[in-house]
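Trainee: Following the hints, put chain B in place on chain A, whose structure we already have.
If you read the protein sequences in the order shown, they are chains A and B.
The numbers in my numbering rise by one with no breaks, and the one at position 134 of the first sequence is 134.
The numbers in my numbering rise by one with no breaks, and the one at position 158 of the second sequence is 158.
In short, the hints are calculated from the structure, not lab data.
Misleading hints may appear alongside valid ones.
Stated by the list, open to error - Where chain B lies over chain A, by a calculated footprint (3+ residues, C-beta under 8 Å):
id	stretch
1	28-36
2	96-109
3	119-131
Said to hold, decoys possible - Non-contacting residues of chain A with respect to chain B, defined by C-beta distances greater than 12 Å in every case (computed):
id	residue
4	54
5	56
6	57
7	116
8	163
Idealized CB from N, CA, C, for every residue including glycine.
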Amino acid sequence: MTTEFAEAAERHLDDVHAFLVYLTGDRSVAEELTAETFARACERWRRFDPRRGTARTWLCQLARSTALDHFRAEDRRRRREGRYAVSLSESQEAVFGEGLSPALEAALSRLSAAEREVLALRVVLDLDGESAGRILGISATACSTRLSRALQKLEREVSAGVAA
Amino acid sequence: MSPLELVDDRFEKLAAELRAARRLAPDALRQQIRALEARPRRSFELNVPWRRVVPAIALAGLAAALGVAGVLGLVHGAHSDKRATVAPSAQKGTQPTFPQRQIAPASDNAFKSALAPGPAKDRLQQYDALLRIRVRDQEALSKRTQDAYRLTRKLGGYVAWANYSTPANRGDSEVQVQIPIQHVQAAIAAFSAYGTLIGERIRLKDVQQRVDNLAVRIRRLRERIARLHDPRDRARVAQLLRARASTVKHAQMASVALAMVVGKKTAAAPPGRFDRTIDDAGSVLVRELEILVYALIVVGPLLVLGGAGLLASRTFRRRADQRLLERTG
Numbered sequence: 001m002t003t004e005f006a007e008a009a010e011r012h013l014d015d016v017h018a019f020l021v022y023l024t025g026d027r028s029v030a031e032e033l034t035a036e037t038f039a040r041a042c043e044r045w046r047r048f049d050p051r052r053g054t055a056r057t058w059l060c061q062l063a064r065s066t067a068l069d070h071f072r073a074e075d076r077r078r079r080r081e082g083r084y085a086v087s088l089s090e091s092q093e094a095v096f097g098e099g100l101s102p103a104l105e106a107a108l109s110r111l112s113a114a115e116r117e118v119l120a121l122r123v124v125l126d127l128d129g130e131s132a133g134r135i136l137g138i139s140a141t142a143c144s145t146r147l148s149r150a151l152q153k154l155e156r157e158v159s160a161g162v163a164a
Numbered sequence: 001m002s003p004l005e006l007v008d009d010r011f012e013k014l015a016a017e018l019r020a021a022r023r024l025a026p027d028a029l030r031q032q033i034r035a036l037e038a039r040p041r042r043s044f045e046l047n048v049p050w051r052r053v054v055p056a057i058a059l060a061g062l063a064a065a066l067g068v069a070g071v072l073g074l075v076h077g078a079h080s081d082k083r084a085t086v087a088p089s090a091q092k093g094t095q096p097t098f099p100q101r102q103i104a105p106a107s108d109n110a111f112k113s114a115l116a117p118g119p120a121k122d123r124l125q126q127y128d129a130l131l132r133i134r135v136r137d138q139e140a141l142s143k144r145t146q147d148a149y150r151l152t153r154k155l156g157g158y159v160a161w162a163n164y165s166t167p168a169n170r171g172d173s174e175v176q177v178q179i180p181i182q183h184v185q186a187a188i189a190a191f192s193a194y195g196t197l198i199g200e201r202i203r204l205k206d207v208q209q210r211v212d213n214l215a216v217r218i219r220r221l222r223e224r225i226a227r228l229h230d231p232r233d234r235a236r237v238a239q240l241l242r243a244r245a246s247t248v249k250h251a252q253m254a255s256v257a258l259a260m261v262v263g264k265k266t267a268a269a270p271p272g273r274f275d276r277t278i279d280d281a282g283s284v285l286v287r288e289l290e291i292l293v294y295a296l297i298v299v300g301p302l303l304v305l306g307g308a309g310l311l312a313s314r315t316f317r318r319r320a321d322q323r324l325l326e327r328t329g
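Isolated chain A (complex conformation) (with noise of 0.2 Å):
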């Protein structure tokens, strides 16, 4: 059981990586996170179950309650401090891939993190719907709309950083 869990991670350890990439425009609280999620996945691992769902699913839902957990402690501390500023990397550096234009990489970073994470999920991880939609929890249809108006969103940002 432990080789099944240890060629799982092996397999979606990029996917998970990826997607709190997206989910929280941040490399180091990504990677993170990431460990986070993995650690909880180890411990949980008895609970997976292959008739529910793939691991790749399961192992995405437990990252994104991982980063939820995370938000909320991060707005506990903000509203604690009295900062409301959002706190994104202010580095120049690239967040979401390597080789991205900086207009994309821009308009990314404008998107929420609700829109980035059904980009993550449909189109950098190229999950159908249904998968998607569970890891949301919400329908495929819901997802789909989501994911065209981020993606409309995107665009708008991407011509926007251009022309200015």
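Mentor: Same frame as chain A, now just chain B:
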């Protein structure tokens, strides 16, 4: 087919760029993940598929309910022609013993009457019996009524009340007699042989305890009178003595009500074992259903409230998560 083709072809270039630039996990992170070791599954693990188990439990419960009803029906059905059911008051334990017996019509009435519970010889008991007899015709009705009077007198009893009527071809005779309790079984056996026994009910009420209690109270009051000479105590003693005498007198005479009707129809056959089994099993099932409905009435609203609360909290949490993701850049 790419999932994006379902959305819009014009986004294909954008999507291709995002996929091509996809970031891989750094080596340090990969090594960290490789170092993790999942806990092996336990040799015995309760991995319950609830969607299958719940219907199976429901079916098993239904089968158990039917099984219990069937077994109780078989057991009770096999013994119901010998059983004596206890009156509800006796079941609750609020009254003295009060056996009540219903006997189905039968051809061998003397044998049936021999099964009737007799009074206990060493205790005072009130004995009440009701016999319903079908006789052949009006002539037999008249003759048997006279026989009942004679037998009652012969046994040392008396007729307390009687009603005799014979309109057209029909007729009925009701006789209420008081018979010394030591002869009551002989009287019942004789009455039962007057025709076809179509119903019998016997009630026995033990009054020995009451008489004993009265005796104790009388003795204590007399002791008190010897000490205090209170005239009110004398009056109470007299009252208790009358009550004791009345109780003893009632216990010495059995009350037998004999109801005879004219009719040529033979008595209906007593229910067979199969019928009794079905009846008993049906009663058990009805009782089980009552318990189930009661449980649903009590627990149902709580389950509905709990389910609604759970659903509402999940929906609320999901929306809160979505809002959090939307405002997170």
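Trainee: None of the hints should be skipped; say for each whether it holds.
Mentor: Evaluated hints:
1. 28-36: It holds, with 3 qualifying residues against the three required.
2. 96-109: Holds: 8 residues of the stretch 96-109 of chain A have a Cβ under 8 Å from chain B.
3. 119-131: holds (count 8)
4. 54: Label holds. Min Cβ-Cβ 16 Å, cutoff 12 Å.
5. 56: At roughly 14 Å from the nearest Cβ of chain B, residue 56 of chain A sits farther out than 12 Å, so the non-interface label holds.
6. 57: 15 Å, holds
7. 116: 9 Å, violated
8. 163: 16 Å, holds
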